[in-house]
Amino acid sequence: MCSHRRRDRRAYFSPRTLGLMHEMSVAQGAAEAVLKGARREGAVKIIRINLEVGQLTFLNPEQVIFWLKELFKDTEAEEAEIIHKIIPARVRCSRCGYEGPLQVKEDPLFHQALPVFACPKCERGSLEILEGRDCIVRDIEIETSPDDQTE
Amino acid sequence: MTFHTYSVKLGMHKIVDLASEESLLAHNRELAEKINKQLKERGIRSVDVMGAIGSGKTTILEKLSERLKDRYRIGALAGDLTTTIDADRIGAHGVKTFQINTGKECHLDAHFISHAVDKVSEDIDLLFIENVGNLICPADFPLGADKRMVVISVTEGPYMVKKHPYIFREADVAVINKKDLAEPMQVSVKQLKEDVKTISPGTRVVIMCARTGEGIEELILALEL
Chain A
1 MCSHRRRDRR
11 AYFSPRTLGL
21 MHEMSVAQGA
31 AEAVLKGARR
41 EGAVKIIRIN
51 LEVGQLTFLN
61 PEQVIFWLKE
71 LFKDTEAEEA
81 EIIHKIIPAR
91 VRCSRCGYEG
101 PLQVKEDPLF
111 HQALPVFACP
121 KCERGSLEIL
131 EGRDCIVRDI
141 EIETSPDDQT
151 E
Chain B
1 MTFHTYSVKL
11 GMHKIVDLAS
21 EESLLAHNRE
31 LAEKINKQLK
41 ERGIRSVDVM
51 GAIGSGKTTI
61 LEKLSERLKD
71 RYRIGALAGD
81 LTTTIDADRI
91 GAHGVKTFQI
101 NTGKECHLDA
111 HFISHAVDKV
121 SEDIDLLFIE
131 NVGNLICPAD
141 FPLGADKRMV
151 VISVTEGPYM
161 VKKHPYIFRE
171 ADVAVINKKD
181 LAEPMQVSVK
191 QLKEDVKTIS
201 PGTRVVIMCA
211 RTGEGIEELI
221 LALEL
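So the sequence lines, in the order shown, correspond to chains A and B.
For the first sequence, position 11 (counting from the first letter as 1) is numbered 11 according to my numbering, and the numbering increases by one without interruption.
For the second sequence, position 198 (counting from the first letter as 1) is numbered 198 according to my numbering, and the numbering increases by one without interruption.
Certain hints may be false.
[As the list claims (entries may be wrong)] Here are some, though not all, of the chain B residues that point toward chain A, as calculated from beta-carbon distances under 10 angstroms:
| hint | residue |
| --- | --- |
| 1 | ASP70 |
| 2 | GLY94 |
| 3 | CYS137 |
| 4 | ILE199 |
[Unchecked claim] As a list, the in silico DSS-like pairs of lysine-lysine whose alpha-carbon atoms are at most 25 angstroms apart:
| hint | chain 1 | residue 1 | chain 2 | residue 2 |
| --- | --- | --- | --- | --- |
| 5 | B | LYS14 | A | LYS73 |
| 6 | B | LYS14 | A | LYS85 |
| 7 | A | LYS69 | B | LYS14 |
| 8 | B | LYS147 | B | LYS179 |
| 9 | B | LYS190 | A | LYS105 |
| 10 | B | LYS163 | B | LYS179 |
| 11 | A | LYS121 | B | LYS197 |
| 12 | A | LYS105 | B | LYS162 |
| 13 | A | LYS105 | B | LYS197 |
| 14 | B | LYS14 | A | LYS36 |
| 15 | A | LYS45 | B | LYS14 |
If you are wondering where the hints come from, they were derived from the structure by calculation, not from laboratory data.
Glycine included, C-beta positions come from ideal geometry on N, C-alpha and C.
Work out the full structure: start from the sequences and follow the hints.
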């Protein structure tokens, strides 16, 4: 079943689809969701795409958007505006039940704050990640065909 | 009439909610869970070996295989872009190797593994999966192994942990390799260990010199093998 799925995913895009960096694999999944959803709703044009990137993914949103634009060439989404939002991490502690954001450690040596995977409250329990490890298309704004509306 | 035609030709704008569509990363995680269940049912323990290029992943696997070959029937899936060098090296220790050439991919994903696992012969009970040398992409793609381990070495410099925090969160065991070279490299093994413990307190740190076999017993304990 899985191989079948993968083939489907790639069917939208011809030779360009051989994977490169993992931003491209993720962009392929997102692009497929966009085009499938848009075509199902009878879109002639995709105006806007709202992308959500989890803080805990190792994805660079600019690169995901770059690949999306590449993949959308010659499709209904070619001119779409792509907006991205970073979804902060939310975790739950198995020991004390803490639920909320991760603790962040500032290190002056680095430009980026380091997330710490210890419970911010009890510092000992193991953490379950509730949010922030996905990259999804939240929604899209489309323009439907005038012909469809007359039906 | 003219007005009517005009308004129809404008088309209509619509918001389509896609939040419930499959996310590639979530799909990978589900598939990884399935693989883990399959391997368990077949009585196979599994370790995903991640790590930097040249950090010593293959050497560690050679040493582990040598040390464990009397207790387990070992198989290894070696992920490599185009060559079979790693698979050949591990295979020289009597391990059944299964090569996965990833082509241009920078990581293995659960989909690769789901097919490779079918080809793994029935008569093994310990499977090592050697990931592509990379500290970034594999973090997002669990493969369904019981344990994930990440290997870095002092020759990569003092900032390998701080620069790649996410992969250490994912790892049950972190190996700091080539401790014998720490002094000439002027890299503090203690600091690297502290960095791992700060970012991911639950990750077990093993300090090794894989070439001489130092630390291998501790690694076996950490991997619960």
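Hints, one by one, checked against the model:
no.: 1; hint: ASP70; in the structure: 34 angstroms, violated
no.: 2; hint: GLY94; in the structure: 32 angstroms, violated
no.: 3; hint: CYS137; in the structure: 4 angstroms, holds
no.: 4; hint: ILE199; in the structure: 6 angstroms, holds
no.: 5; hint: B:LYS14 / A:LYS73; in the structure: 22 angstroms, holds
no.: 6; hint: B:LYS14 / A:LYS85; in the structure: 21 angstroms, holds
no.: 7; hint: A:LYS69 / B:LYS14; in the structure: 21 angstroms, holds
no.: 8; hint: B:LYS147 / B:LYS179; in the structure: 23 angstroms, holds
no.: 9; hint: B:LYS190 / A:LYS105; in the structure: 19 angstroms, holds
no.: 10; hint: B:LYS163 / B:LYS179; in the structure: 20 angstroms, holds
no.: 11; hint: A:LYS121 / B:LYS197; in the structure: 17 angstroms, holds
no.: 12; hint: A:LYS105 / B:LYS162; in the structure: 11 angstroms, holds
no.: 13; hint: A:LYS105 / B:LYS197; in the structure: 13 angstroms, holds
no.: 14; hint: B:LYS14 / A:LYS36; in the structure: 15 angstroms, holds
no.: 15; hint: A:LYS45 / B:LYS14; in the structure: 11 angstroms, holds
Checked against the numbered hints above, the structure violates hints 1, 2; every other hint is satisfied.
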